[in-house]
Amino acid sequence: MHELSLAQEIVRIVEETVAAHAGARVTGVQLRIGALQLVQPEALRFGFSATTAGTTLDGAALTIEHVPAAAHCESCRVTFEVADFVLVCPQCGRAAGRIVRGRELDIVAIDIDADSAVNGETHGDSGLREPAEGQ
Amino acid sequence: MEIPVYENLLKANDVIAGQLRSLFRQHRLSVINLLGSPGSGKTTLLEVTINRLRREYRVGVVEGDLATTRDAQRIAAVGAPVVQVNTRGGCHLDALMVQQALPQLPLDALDLIFIDNVGNLVCTSGFDLGESAKVVVLSVTEGDDKPAKYPPIFVQAQAVVISKIDLLPYVRFSVAAARSEIERVHPGIPVFELSAESGAGLEAWLHWVRGQHGAA
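Just so you know, the protein sequences line up as chains H and Y, in that order.
Per my numbering, the very first residue in the first sequence carries number 1; after that it's consecutive.
Per my numbering, the very first residue in the second sequence carries number 136; after that it's consecutive.
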């Protein structure tokens, strides 16, 4: 749901995070998304490409780790997988589950091109490039 | 090279929701976020609730709609301070919209605020507004299968109101079936069957609302 605004938020967080690694080229963003967040991966990828097109993030790939939903039944002390938000414990049959997994909506890591960071390559107008020795 | 990050994508909204929660606590306000499909009876329930509670609590309302001030006018007509938010296309209220609207309410002169959210059984569940509780209003004309078909909002809520029960003789809605579906996705959630029109079942709902204020 609202994949476009999520994509825009991803871009905002990524840009903020890599600002400290001046000139680094972002090659990917790793996400962890729980089933209960109702995110359509294709819509998110589409929103992300649309938002990053023509920017320094253009071409960066989204890696999405999907987390299935799970709930815990206190009486039976079992954790069970949840389908369609139904919290009925498979052991005792009572609707007593408490959600323990599946609400994640996180950026886990950002992949940057190690070469671009190490050599201090820059993109766009910002920053100066010092000539390498011997050139 | 990998830069580890741990950031929740809903953080922007949640940070503001946290600020709202502190603000509400500071002013000793209970805030109820009223959710439900368009036409489920949220605003009508609010009108009768305000009328019934006026001698006990000072109630304020944040109205959310895509367009018009019609609902704000209805609330003003029952004498409660109200501010209208028009999302102009947005399908839900978010914390920023509520934060921007609040200065127009006399927070020091209120005990209880209702947020009459945009009519929507899907998107409104995902946005924390700093409320004390979310209540879903489901009318008997919408079908008893909706809690199974639209579970997230029922999972997020702290109470469910089954509204328009005066129409039960005319619709194929089984209260027992609806209650069973609700229980499967949100075990133990209180469910109130009522009719704003006839007044049936209102007292149990009002009792719960009073309890919310006590818990603030």
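Keep in mind the hints are simulated off the structure, nothing from the lab.
Since the structure is predicted, the reported quantities are computational estimates derived from the model, not experimental observations.
Beta carbons are placed, not taken as given, at the ideal position from N, Cα and C, and that holds for glycine.
Heads up, a few of these hints could be off.
[Said to hold, decoys possible] Derived contacts from chain Y toward chain H, CB cut-off under 8 Å, selection only:
1. 136
2. 149
3. 151
4. 290
5. 293
6. 319
7. 320
8. 324
9. 325
10. 328
[Unchecked claim] Here chain H is said to cover these stretches of chain Y; the calculated rule only asks that three of the stretch's residues, wherever they fall, bring their Cβ under 8 Å from a Cβ of chain H:
11. 163-169
12. 180-193
13. 256-265
- For the segment 180-193 of chain Y, do three or more residues have a beta carbon lying closer than 8 Å to a beta carbon of chain H? violated (count 0)
- Message: Hint validation: residue 149 of chain Y versus chain H, beta carbon distance must be below 8 Å. Holds or violated?
- Response: violated, 10 Å
- Query: Are residue 319 of chain Y and chain H close enough, Cβ to Cβ, to be under 8 Å, as the hint says?
  - Reply: Because about 5 Å separates residue 319 of chain Y from the closest Cβ in chain H, which is inside the 8 Å limit, the hint holds.
- Message: Less than 8 Å between beta-carbons is the criterion; does residue 136 of chain Y satisfy it with respect to chain H?
- Response: holds, 4 Å
- Double-check residue 151 of chain Y for me: the hint is only fine if its C-beta lies closer than 8 Å to a C-beta in chain H. Where the cut-off is 8 Å and the nearest Cβ of chain H is about 13 Å from residue 151 of chain Y, the hint is violated.
- Query: Do the numbers back the hint for residue 328 of chain Y, that is, is its least Cβ distance to chain H under 8 Å?
  - Reply: violated, 19 Å
- Grab the minimum C-beta distance from residue 290 of chain Y to chain H and call the hint holds if it beats 8 Å, violated otherwise. holds, 6 Å
- Query: Are at least 3 residues of the segment 163-169 of chain Y within less than 8 Å of chain H when you compare beta carbons?
  - Reply: With 0 residues closer than 8 Å to chain H, the segment 163-169 of chain Y misses the three-residue bar; violated.
- Task: Under 8 Å, Cβ to Cβ, is where residue 324 of chain Y needs to be relative to chain H, so tell me if that hint holds or is violated.
- Result: Violated - the Cβ of residue 324 of chain Y stays beyond 8 Å from chain H, reaching only about 10 Å at its closest.
- Task: Go through the hint on residue 320 of chain Y and say holds or violated, using the shortest Cβ distance to chain H against 8 Å.
- Result: With Cβ-Cβ at 5 Å, under 8 Å, it holds.
- Message: Just to be careful: measuring from the Cβ of residue 293 of chain Y to every Cβ in chain H, is the smallest value less than 8 Å?
- Response: violated, 15 Å
- Message: How does the segment 256-265 of chain Y fare against chain H when you require at least three residues with a CB closer than 8 Å, holds or violated?
- Response: holds (count 3)
In summary, the numbered hints that this structure violates are 2, 3, 5, 8, 9, 10, 11 and 12.
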